[in-house]
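Residue numbers (numbering that gives the first Met the number 0), protein chains in the order written: chain A, 0 to 262; chain B, 0 to 336; chain C, 0 to 271.
FYI, nobody ran anything at the bench for these hints, they're computed from the structure.
Computed from a prediction, not measured in an experiment: that's the story for all the values here.
Positions of the beta carbon are idealized from the N, C-alpha and C atoms, including for glycine.
Among the hints, a few may not be true.
As the list claims (entries may be wrong) - To give an idea of the chain C side of the interface with chain A (calculated C-beta under 7 Å), a few residues:
#1 46
#2 186
#3 203
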Amino acid sequence: MRRAWKIYRLLASQNLKRLMEYKADFLTGAISFLIDQAIGIAFIFIIFSQIPQLSGFTLEQIVFIYGFSQIPKGLDHLLADNLWCVGYFIVRKGDFDKYLTRPINPLFHVIAETFQIDAVGELVVGISLIAYAAPQAGLQLSVVSVLLFILVIPFASLIYTSLKIMTAALAFWIKSSGFIIQMVYGMNEFAKYPTTIYSMPVRIFVTYIIPFAFTGYYPALFLLTGENPWFNIGGVVLISAVLFILSLLIWNKGLKAYESAGA
Amino acid sequence: MIYAEHLRKEFKKTIKEPGLKGSFKALFRPKKEIVVAAEDISFHVPKGEILGFIGPNGAGKSTVIKMLTGILTPTSGECRINGHIPQNDRKKYVREIGVVFGQRTQLWWDLPLQETYLVLKEIYEVEEESFKKRMAFLNEVLELDSFIKSPVRTLSLGQRMRADIAASMLHSPKVLFLDEPTIGLDVVVKDKIRQAIMKINKEEQTTVILTTHDISDIELLCDRIVMIDKGKNVYDGSLQKLRENYGQIRELHFETDPESPLTEEQFRQGLPLKESELTIEQDKQTFKVRFNSAAIPVGDMLSHTLSVTRVKDITVRDADVEEIIRRLYQEGGQADE
Amino acid sequence: MNKLKKRYVPFMKAGVQALVVYRMNFLGFVIGGLIYCFVMFYLWRAVFESNGGGLFMGFSMTDMVVFLFLSNTTNQLTFSSVCDNIGEEIRDGSISMRLIKPVNTDLSYLFSELGTALMKMVVLLLPMLLGLEIYRFCVTGTVMFNGVQFLLYLFSCVLAYVISFRVNLCFGFMAFYVKNLWGISILKNSVFNFLSGSLIPLAFMPEGLRLCLEYMPFASMSYTPVMIYMGKYSAEETALRIGIQVVWALLLYGLSKLVWFRAVKKLCVQGG
Chain A
0 MRRAWKIYRL LASQNLKRLM EYKADFLTGA ISFLIDQAIG IAFIFIIFSQ
50 IPQLSGFTLE QIVFIYGFSQ IPKGLDHLLA DNLWCVGYFI VRKGDFDKYL
100 TRPINPLFHV IAETFQIDAV GELVVGISLI AYAAPQAGLQ LSVVSVLLFI
150 LVIPFASLIY TSLKIMTAAL AFWIKSSGFI IQMVYGMNEF AKYPTTIYSM
200 PVRIFVTYII PFAFTGYYPA LFLLTGENPW FNIGGVVLIS AVLFILSLLI
250 WNKGLKAYES AGA
Chain B
0 MIYAEHLRKE FKKTIKEPGL KGSFKALFRP KKEIVVAAED ISFHVPKGEI
50 LGFIGPNGAG KSTVIKMLTG ILTPTSGECR INGHIPQNDR KKYVREIGVV
100 FGQRTQLWWD LPLQETYLVL KEIYEVEEES FKKRMAFLNE VLELDSFIKS
150 PVRTLSLGQR MRADIAASML HSPKVLFLDE PTIGLDVVVK DKIRQAIMKI
200 NKEEQTTVIL TTHDISDIEL LCDRIVMIDK GKNVYDGSLQ KLRENYGQIR
250 ELHFETDPES PLTEEQFRQG LPLKESELTI EQDKQTFKVR FNSAAIPVGD
300 MLSHTLSVTR VKDITVRDAD VEEIIRRLYQ EGGQADE
Chain C
0 MNKLKKRYVP FMKAGVQALV VYRMNFLGFV IGGLIYCFVM FYLWRAVFES
50 NGGGLFMGFS MTDMVVFLFL SNTTNQLTFS SVCDNIGEEI RDGSISMRLI
100 KPVNTDLSYL FSELGTALMK MVVLLLPMLL GLEIYRFCVT GTVMFNGVQF
150 LLYLFSCVLA YVISFRVNLC FGFMAFYVKN LWGISILKNS VFNFLSGSLI
200 PLAFMPEGLR LCLEYMPFAS MSYTPVMIYM GKYSAEETAL RIGIQVVWAL
250 LLYGLSKLVW FRAVKKLCVQ GG
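Whenever a hint applies, use it, and build me the whole structure from the sequences.
Okay, here's the thing in structure tokens:
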């Protein structure tokens, strides 16, 4: 464990050194994501300029949910961005060979290799939105609820990462799985808004099948209402654990099927 | 040390017919075909040997190397290196090997070269003391000093290759796999790399498996060669033995007088040689004849030539290893029967 | 003309084939777009419900559905990947291979994209329009399809495509200055989505912003054709909007030529 941490720190610092070489790149990336987020928010504000409430939620509450949903997303983006590359080209080009000839876990190696600072855009927006909306969103604050709320964030990120691991691992069989990652990942849009706006089948889908609702709406709802901690918070932990185990199984099976390239 | 037993690897491949129609067909009913990249490969390498692993393009060399290094899982058969089965205890196993793929780099592209070594030091858990010693040794052998502070992307191909070999040697592996380590390099750099490989092999008893298309690599470095073609073993033995077995081939070069024209058929007539024992290449007046000197003595061949035409110039020479190997490639699987 | 055909048809065929080869990526792209439309659909449904049903700033829910899905499809149709392609070619140097071929460089890009666009029209636009018309018929009980609007829509789409192509061409040349093309691409797409009114109808925006955006080239890239199809513009307004599209197409053509000229010069200096 200590060794893993040491290697992780080392690889991350290599990444930062590289960033220092391309400062303009880092700025472009972070600003791009920041603006991308800002536009999403502008959308909410334009809607609320016309209506006082949306499905029983006030502007501040919607903004709070939206803002919260960006934090697990941003963390996954920050720490596990390289999985996209696995799906899009690392496997197809045979560059995965490298990870298999090193004495550390290939999944850990792939993930540790990239520290995607672009994600700062999402994190900054998420935190600012929470800070902006929290005072007026009518939060049910207590030491326990705040602690639970913070604790749940890494698990919510793990839902993102697990889904990415699973879909990226498909590349071991079909060479390029970028489009599948894209498709599944794209469903995180559903996490930004209360699931009550969706029809029943969609609600079931984003809760139990591609469970992005657990990365945004449910945990945020817990802090808004203080209700159902077992489902709203416990559900995140349980589902992320199940998904993570499943994703490791698929990944490890994929390693055996890896065909390299140019054979 | 290294045992490969009946290694076999199959790939599934989607076949696309050419043209638009083909694309549409592939869209709805993709045809799958099983490609056998390695059919049945066996060999054994003792400790400290430099083995030349050769074969024509597409023979399955890379596939075998990738199975030996644990990247690919064999469809059937087994390899065992230092008692490890690469796919089973991969993490433990790869600590004992170093791998260089000539066409790829494992260096961190945007960072100064020495950063790569610092990362690898942690990944392979090399102690500070032995890391220093090791770097000094690699520096001496591969002369990294002049570019160790430059970003990898600015290195020349030769420098990059030296740097990659050093990266694979950092953890003092017992076995070194070099897949085309001299590809695309000029003569001087090739020589440097060969010297380094020899030195590493000599000083540390490192077993080396080397694939290459450069015959000089083999002549200068390898104790033994294993040749494969179409996924099967073709030859396994020392270079010396190869020379003895196939060394009976001689090359006769001559140029005929323009006033005494000669055709291939005319030359072939009256020679007691089978088709496979004689090849003739003709370019106007210049002839290049390869023949088996066990079947016809050199003297007889000379007098035959002089009797059929008037020559302006004539030489006889031994076929070199490259020639022998070319013949082996051409004959394929028949050679060792 | 014949010469033109001979020279550029291969590029077009290559464009069609590229879509087939990368069909899975294409499918992912389409499905991703549809998912987004559905999220927006539910969101708007909630907005309309919270608003007490009926009209929301002049749009009915049926309008909104047509707007969302048609905007998305129109975006796909007029989308030009020339920015990413040229950027990649500049970065890996293969752009010099394009320069040495005896063809007009931007025409060669254009034709390979035209192939893709034609395919998209058949496999994306037609089914989508059919679906939307069936939907409109089920909701309102009348056939809302208007042939003239449809033809004007197609014409406006062609102009939209030309504008999008030229804008993207200009963006592509940024690869000479910026390495993080991917970030630029994200930024470009989300800003375009917003400014072009395909995310939120420009009609919903504050007055000043709306007027400003309506005259910018972005609205010409998808909002104009969609509004024409939906019959939101009167005859005079349609003429005005298409006029604006033509002006932008010409201006951007000139601009991209200028940028291209400078880029080639730079390329020669850098030595490719």
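*asked:* Flag every earlier hint the structure violates by its number, smallest first.
replied: The structure breaks none of the hints.
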